[in-house]
Amino acid sequence: MTQGYNVVIRDITQKQCDEALQYISENVAAFATKATTGRSPGTISATLDLEDALQGAWIVFECVPEILELKIDTFAELERLAPRDCILASNSSSYKSSLSPYIAVKESTGFIFNRIWAAIKRECLMVLAEGVSTPEQLDKAWMEILGCSFGPCMSMDSVGLDTVALIEKHYIKERGLGSEFTVDYLQKQYLDHGKLGMKSDKGGLYPRVQPKVVPAVPTTAAPGPEKGLVVLDMGLGQSLARKGPAEIVYSGRLLEVSLDGKTQRIISKNLPLPDGVDTCDNKLYYTNMGVPSQNDGSVVSVNLDGTGSTTIVPPGTIYTPKQISIDQIAKKLYIADREGCRIWRSNTDGSDLEIIIDTNTLPTERTTPGDIMSQCVGVTVAPRLGKFFWTQKGPSKGNLGRIFSANINFPASCTALDREDICTIADKLPECIDLDYVEASNTLYWTDRGEVPFGNCLYKAQLNDQGRMAEKPQILAQNYNEAIGLKIDAENDVIYVTDLGGSIWRCGMDGSDKRKVLDEQTSCFTGLTLV
-11 MTQGYNVVIR
-1 DITQKQCDEA
9 LQYISENVAA
19 FATKATTGRS
29 PGTISATLDL
39 EDALQGAWIV
49 FECVPEILEL
59 KIDTFAELER
69 LAPRDCILAS
79 NSSSYKSSLS
89 PYIAVKESTG
99 FIFNRIWAAI
109 KRECLMVLAE
119 GVSTPEQLDK
129 AWMEILGCSF
139 GPCMSMDSVG
149 LDTVALIEKH
159 YIKERGLGSE
169 FTVDYLQKQY
179 LDHGKLGMKS
189 DKGGLYPRVQ
199 PKVVPAVPTT
209 AAPGPEKGLV
219 VLDMGLGQSL
229 ARKGPAEIVY
239 SGRLLEVSLD
249 GKTQRIISKN
259 LPLPDGVDTC
269 DNKLYYTNMG
279 VPSQNDGSVV
289 SVNLDGTGST
299 TIVPPGTIYT
309 PKQISIDQIA
319 KKLYIADREG
329 CRIWRSNTDG
339 SDLEIIIDTN
349 TLPTERTTPG
359 DIMSQCVGVT
369 VAPRLGKFFW
379 TQKGPSKGNL
389 GRIFSANINF
399 PASCTALDRE
409 DICTIADKLP
419 ECIDLDYVEA
429 SNTLYWTDRG
439 EVPFGNCLYK
449 AQLNDQGRMA
459 EKPQILAQNY
469 NEAIGLKIDA
479 ENDVIYVTDL
489 GGSIWRCGMD
499 GSDKRKVLDE
509 QTSCFTGLTL
519 V
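In the working numbering, the protein residues as written are -11 to 519.
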């Protein structure tokens, strides 16, 4: 897809389809920087129907688990349904071939590299099972001696220990190998305990990433310009060379950037996927998403100079905090929780934390992400109207985005699950993300990262006194690269927008004079605010 080709995903569950689309939409900008065709990314879609997915396909990659019988059945079905001239390809879970074929002159179990890689994995597991060394030491030796950026234990965690075990079972059966120090070891020490690797919230050979593995480090640099932008960078556009899983997740930065983009300084770094930021009373408040598969999001406050960093909502409460908006009068934080499917509210010190919107379709006390249609992403508050607004973006590029509103004052005899004051402001939007509200004009603004031409745009809509739309949404600016963050400087009639492609943009209140403030290919910008 990042090379400019249109891709269709087929899976047997809608949940897997939705999660795949969401992951791709959130990371395509970072991977697109490695494209070699010079083309813009292609389109992505997902379906449960195999026959529908194969329509017009010229190449199909099979990516089912490493179970021989399942692969045979899959290829038989592909042979029956795929176009006659379609190329049927098998996926390797062990290495990236980059579509470069290696020639095997004799039939063999496994790809050429897989056989070599299987021996490496086998010996690594034996070293671990015998208690000779640890995953950290194995990977350290591998990376330092061979100059690699990833070690074998990291790779096994990335692929999944269940998949590693399935592959090794084939060799055990074919060659009569012993299983005590490989498959049996994995089963007893890891798989039986739900430790499958990076895809598991229990970790694998490495423990699950903990929020304090790499603490946030405030800088001691001199304060920046009197007025400027504060923007969050997830860090996923930076080089991943020689970085382990924890370092990759903890690459985020909180930056201050001058309004002309010429100067910047780091306020905090080593943040776990930061997303939303706002300011109140000379303090910054920002959210960290944490590891998407884990309930480890957090909210942090910090002084403008980077000192006094305080975690006001610790990991384990809000699943994946996204945009944060502050009621400057009531001194209340409003926080959108994507996987948790909620809107939260608290005091600026994190006290009196409460759920004010709960869109969960499953039991309230959950340990897994909620349905993608119920996930809350953006939030803003309008004290003049006595309301707050939030977005539920829906599937990636799905044209099912919605904007809702509810009263600031919680209705009596209602819960966050059954509020009767919720109003749908807009629906069937490409993929609405962050919100902002201008009280003087009673206007709602939002970014949208959906499919062009109506996605990757900046929108606005005039509201009436009841907080409903008085007009159809209007596109102010277009052609962003995965638009996310939004902040309006109403005093100077300027709108600022960030995108995952590494750009900060500005334009007039009517969308005119759109231009880049900053363009950094190695950054993935999310939320921003003015200071």
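Read the hints as simulated data drawn from the structure, not as lab findings.
Just so you know, these numbers come straight off a predicted model, no measurement behind them.
By construction, the Cβ of each residue, glycine as well, lies at the ideal position given by its N, Cα and C atoms.
Mixed in with the good hints, there may be bad ones.
What the hints assert, rightly or not - Result set (BS3-like, lysine-lysine): computed pairs, CA atoms no more than 27 angstroms apart in a straight line:
no. : residue 1 : residue 2
1   : Lys250    : Lys59
2   : Lys215    : Lys59
3   : Lys161    : Lys59
4   : Lys190    : Lys157
5   : Lys128    : Lys250
Said to hold, decoys possible - Okay, the calculated beta carbon distance ranges per label pair:
no. : residue 1 : residue 2 : range
6   : Lys161    : Gln466    : 51 to 59 angstroms
7   : Asp337    : Val519    : 15 to 23 angstroms
8   : Pro195    : Ser339    : 30 to 38 angstroms
Okay, the hints, checked on the actual structure:
| no. | hint | result |
| --- | --- | --- |
| 1 | Lys250 - Lys59 | 55 angstroms, violated |
| 2 | Lys215 - Lys59 | 60 angstroms, violated |
| 3 | Lys161 - Lys59 | 17 angstroms, holds |
| 4 | Lys190 - Lys157 | 23 angstroms, holds |
| 5 | Lys128 - Lys250 | 39 angstroms, violated |
| 6 | Lys161 - Gln466: 51 to 59 angstroms | 57 angstroms, holds |
| 7 | Asp337 - Val519: 15 to 23 angstroms | 20 angstroms, holds |
| 8 | Pro195 - Ser339: 30 to 38 angstroms | 31 angstroms, holds |
Hints 1, 2 and 5 from the list above are not met by this structure, while the remaining hints are.
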